[in-house]
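**Q** Sequence:
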Amino acid sequence: MNERNTAAPAVLVVDDDPRLLRTLDLNLRARGYTALLSDTGERALRLVAHHRPDLVLLDLGLPGMSGLDVIRGLRGWTGVPVVVLSGRDTEPMKVQALDLGADDYVVKPFGMDELFARVRASMRRTAPAEEKVSVVTADFTVDLAAQQITRGGEAVQLTPRQWHIVEVLVRNRGRLITHRQLLQEVWGPGYGRETNYLRVFMTKIRQKLEPDPPRPRYFLTEPGLGYRFSTGEQDT
Numbered sequence: 001m002n003e004r005n006t007a008a009p010a011v012l013v014v015d016d017d018p019r020l021l022r023t024l025d026l027n028l029r030a031r032g033y034t035a036l037l038s039d040t041g042e043r044a045l046r047l048v049a050h051h052r053p054d055l056v057l058l059d060l061g062l063p064g065m066s067g068l069d070v071i072r073g074l075r076g077w078t079g080v081p082v083v084v085l086s087g088r089d090t091e092p093m094k095v096q097a098l099d100l101g102a103d104d105y106v107v108k109p110f111g112m113d114e115l116f117a118r119v120r121a122s123m124r125r126t127a128p129a130e131e132k133v134s135v136v137t138a139d140f141t142v143d144l145a146a147q148q149i150t151r152g153g154e155a156v157q158l159t160p161r162q163w164h165i166v167e168v169l170v171r172n173r174g175r176l177i178t179h180r181q182l183l184q185e186v187w188g189p190g191y192g193r194e195t196n197y198l199r200v201f202m203t204k205i206r207q208k209l210e211p212d213p214p215r216p217r218y219f220l221t222e223p224g225l226g227y228r229f230s231t232g233e234q235d236t
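In terms of the UniProt record's numbering, the sequence shown opens at residue 1 and continues consecutively.
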């Protein structure tokens, strides 16, 4: 197994496809990462404990311990970012993985440029740094400390719930927030299936903030999964 090079970020790849493991190993090394490889969930947990990687690329369809169980095992003690590698027909599993604490997902088959953009974004979000209290886009500014949004120098009036939705998405910019996560954060733990609430509120938010509400640039929908805030640049 590869030894951790402290000068380079370490990425643990967990997948039972040996060809994909080899491909990701080569691509990680070519981009300056240290690669750690595992074909089982059980071994992956041991590697995380011993090597403390900077990120985990995790297949959900593993033999023995499933990828979902790996996420449960990790989230009991570490906040290491986890990017799920998912098949096209596993939408319920993707939602469950995100609810369990995965940071992002990439659908197989995927392009390497997309994958490594998401790797970089996940590492940036979890890097130890002071949180930005102001997020500036080309069309509006979100002041998280003042709980205020300005557009063209004028304050945008949002209801408390509209602001809470915006705040959750902006604080997690670039990251998919599932319907369940957003509902439970804004409405409370007894909610999780009322996606119609989110559709109504998101329409109002887009009308107030998006330059072209039917074609949102900032408050993006991930069909069947949830929402993602983008600054209008390449977040992922």
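In short, the hints are calculated from the structure, not lab data. Beta carbons: idealized from backbone N, C-alpha and C, even for Gly. Treat the hints with care, as some may be off.
[Stated by the list, open to error] Here are the in silico distance ranges between beta carbons for each label pair: (1) N27 <-> R215: 28 to 36 Å; (2) Q157 <-> R199: 14 to 22 Å; (3) R29 <-> P160: 25 to 33 Å; (4) D139 <-> P109: 42 to 50 Å; (5) R19 <-> T221: 46 to 54 Å.
**Q** Hint by hint, note whether the structure agrees.
**A** Hint-by-hint comparison with the structure:
no.: 1; hint: N27 <-> R215: 28 to 36 Å; result: holds, 33 Å
no.: 2; hint: Q157 <-> R199: 14 to 22 Å; result: holds, 21 Å
no.: 3; hint: R29 <-> P160: 25 to 33 Å; result: violated, 49 Å
no.: 4; hint: D139 <-> P109: 42 to 50 Å; result: violated, 35 Å
no.: 5; hint: R19 <-> T221: 46 to 54 Å; result: violated, 34 Å
Going through the hint list in order, the structure does not satisfy hints 3, 4 and 5.
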